[in-house]
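Protein chains: 2
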Amino acid sequence: MRGPVRIVGTGLLGTSIGLGLAARGVEVQLADASPTAMRLAADYGAGRPAEPGDAPELIVVAVPPDVTAQVVARELEAFPDAVVADVASVKAVPLAELRALGADISRYLGTHPMAGRERSGALAGSGDLFVGRPWVIAGHDGISYERGSLVDDLILDLGAVPIESTPEEHDRAVAIVSHLPQLVSSLMAARLADAPDEALRLAGGGVRDVTRVAASDPALWIQILGANAPAVVEQLRALQTDLATLVDALDDVDASGSRKAVADALRAGNEGVARLPGKHGTHARFTRVQVRVDDRPGQLARLLADIGDAEVNLEDVRIDHAEGAQFGVAEITVLPEAVQRLHDALEELGWQVVA
Amino acid sequence: MRGPVRIVGTGLLGTSIGLGLAARGVEVQLADASPTAMRLAADYGAGRPAEPGDAPELIVVAVPPDVTAQVVARELEAFPDAVVADVASVKAVPLAELRALGADISRYLGTHPMAGRERSGALAGSGDLFVGRPWVIAGHDGISYERGSLVDDLILDLGAVPIESTPEEHDRAVAIVSHLPQLVSSLMAARLADAPDEALRLAGGGVRDVTRVAASDPALWIQILGANAPAVVEQLRALQTDLATLVDALDDVDASGSRKAVADALRAGNEGVARLPGKHGTHARFTRVQVRVDDRPGQLARLLADIGDAEVNLEDVRIDHAEGAQFGVAEITVLPEAVQRLHDALEELGWQVVA
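Chains as they are written, first to last, in our numbering: chain X, 1 to 355; chain G, 1 to 355.
Worth flagging that the hints you see were computed from the coordinates, not collected in a lab.
This structure is a prediction, so every number in the text was calculated from the model and none was measured.
Heads up, a few of these hints could be off.
If chains are identical, the list can't say which one is meant, so a pair holds when it fits in one copy or spans any two.
[What the hints assert, rightly or not] With a straight-line Cα cutoff of 20 Å, these simulated EDC-like cross-link-like pairs (lysine to aspartate or glutamate) come out: (1) Lys260 x Asp81; (2) Lys260 x Asp248; (3) Lys260 x Glu198; (4) Lys260 x Asp43; (5) Lys260 x Asp242; (6) Lys260 x Glu168; (7) Lys260 x Glu271; (8) Lys260 x Asp66; (9) Lys260 x Glu164; (10) Lys260 x Glu348; (11) Lys260 x Asp217; (12) Lys260 x Glu146; (13) Lys260 x Asp104; (14) Lys260 x Asp141.
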C-alpha cells in the first residue's frame, strides 16, 4: 500500500495529481507558497493541508520550471527519507542545477506528464487529466531502482503511461513536439493581432486549431523556452530554411520548379502529420475501413457489436452523418492485419463496406 | 419557392450543398466530369442526375479552383437564363479569367463558403456542413441585385451566414485566416517527418491541433496558393520577420532584452487568438461527453449500445487511447439537451464519465 504523498505547488498539475491520488484513497498532503491556492486545492478535494510532523514517502514538486530545482533541493533536505519527483516541462536544466546545489539526487527523479490544458490553476484540475497520456521519466544513474519504482507507481496510479527517457533525449523531443508547436502557433496568432476585422469574421476550424495553444501563459512559456533554448533554436532554424524556400517559390509561382517546391512543402507536412501516433487513424500503423450505417439510434452499436463478435479490436471509430443524408459512414480504424477479416465478416452480415 | 438548382462538381462542397438543398425539398440536378462520382452523390441523397432539357434557375459550380472559370463560362453559355455561382477558395483570379474569356458576368457571382474538412469527396459531405459558418459573397458591379439575391437565398437556405465582400478583400482575408494557417501547419508538420520515434510518442493535444490541417490535399492547395500568391507572400514575409526576432532572442536568451522579446511574441499570440470570434473550434450546436472504456474488443460496442438504449443519437464518436494504456477515453458528441440524460444513464450502468 502506498504511503503519504506530499504535493508542493497546487496549480493545474499538482491539484490534478492530488485529485487522482485522493480518489484512490492515498493520503495527500498539500503545500503551496500561496496559502490561498493551497486551501483552494484542498477544498476542491485534492488532499489536506500539510502539517508539521508529516512524513511523506513521496514528494511531487509541481512548481514553475525556474524555481523547480530550488524547491526540490529544499524538499530533499527537509524530508531526508522521502523520494522527490518534479513535473517540470524541461529536464536537463533542473538536474544540472540540483547537481550544482549539491543536492542528494540519489532520492530525486525528474518526470514530465504530457498533459495540460490552455487553462491553469486548481479549478482546471482533474484527477483524470493524465489518463492514457504519456508521462516521461527522465532517469539518471544516481537513483536506485527501488526508489524510482515509487515514481512508476504514481504514474500508473494516475492512469498514465510511463515512458523511460533521459533528460537530454526528453528535452530534444519536447523541442519538436511541444515547444516548436507552441511558437509556431503564437507566431501565426500574432498575424491575427493586426488583421482587419473583416478577415477575422472568415476564420474557420483550421485557423482555430492552429492557434489554439497560442492562448497559453507567456510567463510559464518564457521559463520553459529559456531552459531549452538550444534545442528550440535548432528546430526554429530548420523551420526558417523551409520557410525561405516556400517564400521564394510563391514569390515567383510561375517560374519553373516553383509549384513543385510548394507541393513538396505540403507533402512533407502530410508525411509529418501521418507519423503522429494514435488518434484519428492517421498513424501509418493503422488502416481505416469505411462502412455505411443508417442514420438512426442503435445502428452504430449493432455494427460495433458485429466487429466485437469478429474479435477485431478497434483503434478508433468515427461516424460522419449528414442532416438530410439517407445514411452515414462509420470509419473504423484497425490494425492492418485485421482488415481482411473485418471486411469479410461485415459483408457476410450484410454491411456495406464502402472503402 | 426556389426553382431547380444544378450542381456541377460533386465533391465535398457540391455534395454537401446538394444534401442541404434536397433536405429542404429543392430539386437538385447533379453533374460531374466523373459519372461515378456523380452517381455516388446521387445515391447519397444529394439530388438526381442532370438530364437533357433541365432548366435550372441557379447553377453552383463546385470544381477545383484552376478549372473554375472555364466551367463557369461553359455553364453561363449552356444555360442562358440561369445565374451561376462558384464556391472556389480564391475569388479575384476566376473573375479576371471570366472577364478575359468574355463571359456574361451579369449572371455570375463568386462565393466562398468558409467550411471544409481535412477529408474530401461525396462521402465526407454533409447537409449541415455550412450551418452557422460564414459564406463570402465576392460581389462585383456587373450583376443586378435581383440575380444576386438568388445566391443570398441559397446561402441562407443552407444555414450559413452571408458576408458581403469584394474579390480582392476576400483574397487578402483568406491569406491571413486560411492560407497562412495551412502553410504554418504544413511547415510544423514537416518538422515531424524526420523526428525520432521517441519524440513522436510524446505528442500531445497541442501538436495535434497545430498540425491537423497539414493533412490537407497538396493538389488542391497548390491551386489555391498559386491563385493567391502575392497576398500569401506578404503574410509569410511578416512571419519571417517575427521568426527572425524570436530566433535571435532565443539564441542568446540571457542577453538583455531577450526574454522580453520572447514574451512579446507569446503575448502577441495571446492577443491574436483572443480576436477569433466565437468558441474555440467546437461546433456551437454540439456538446462532448468523455467516457472511460477498457481497451478490449466489444467494450465500445457495449457503450454505444447503452447510448442507443438511452435513445440518445450520436453526432460523432472518437476514441483516444495511448500505446500500452489499459483503457481509453471515448468522446461522444451529442446535442446539448441530451447531455444530462446521457450522463445519468451511463453512470447508472456503471460507466465512468470523466468529463
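The hints, checked one at a time:
For the homomeric pair Lys260 and Asp81, neither the shortest alpha-carbon distance inside one copy (63 Å) nor that between copies (41 Å) is at most 20 Å. Taking the shortest Cα distances, Lys260 and Asp248 sit within 20 Å of each other inside one copy (12 Å), while across copies they are farther apart (31 Å). Neither within a single protomer nor between protomers do Lys260 and Glu198 lie at most 20 Å apart by alpha-carbon distance, with minima of 32 Å and 31 Å respectively. Taking identical chains as interchangeable, the C-alpha atoms of Lys260 and Asp43 are never at most 20 Å apart, the minima being 59 Å within one chain and 37 Å between chains.
Taking the closest pair of Cα atoms, Lys260 and Asp242 come within 20 Å of each other only inside a single copy of the chain (14 Å); across copies the shortest separation is 26 Å, beyond that limit. Taking the shortest alpha-carbon separations for Lys260 and Glu168, neither the intra-copy value of 37 Å nor the inter-copy value of 26 Å comes in at or below 20 Å. Taking the closest pair of Cα atoms, Lys260 and Glu271 come within 20 Å of each other only inside a single copy of the chain (16 Å); across copies the shortest separation is 35 Å, beyond that limit. Taking the shortest alpha-carbon separations for Lys260 and Asp66, only the inter-copy value of 16 Å comes in at or below 20 Å, while the best intra-copy value is 45 Å.
Proximity of Lys260 to Glu164 under the C-alpha cut-off of 20 Å is found in neither arrangement, the shortest distances being 41 Å within a copy and 35 Å between copies. In this assembly of identical chains, the alpha carbons of Lys260 and Glu348 never lie at most 20 Å apart, being 45 Å within a copy and 57 Å across copies at closest. Within a single copy, Lys260 and Asp217 get their C-alpha atoms only as close as 39 Å, which misses the 20 Å cut-off; across copies the closest is 14 Å, which meets it. When the C-alpha separation of Lys260 and Glu146 is checked against a cutoff of 20 Å, the pair qualifies neither within a copy, at 56 Å, nor between copies, at 43 Å.
For a Cα distance limit of 20 Å, the shortest separation of Lys260 from Asp104 qualifies neither inside one copy, at 57 Å, nor across copies, at 34 Å. In the homo-oligomer, the alpha carbons of Lys260 and Asp141 never lie at most 20 Å apart, since the shortest distance is 49 Å inside one protomer and 37 Å across protomers.
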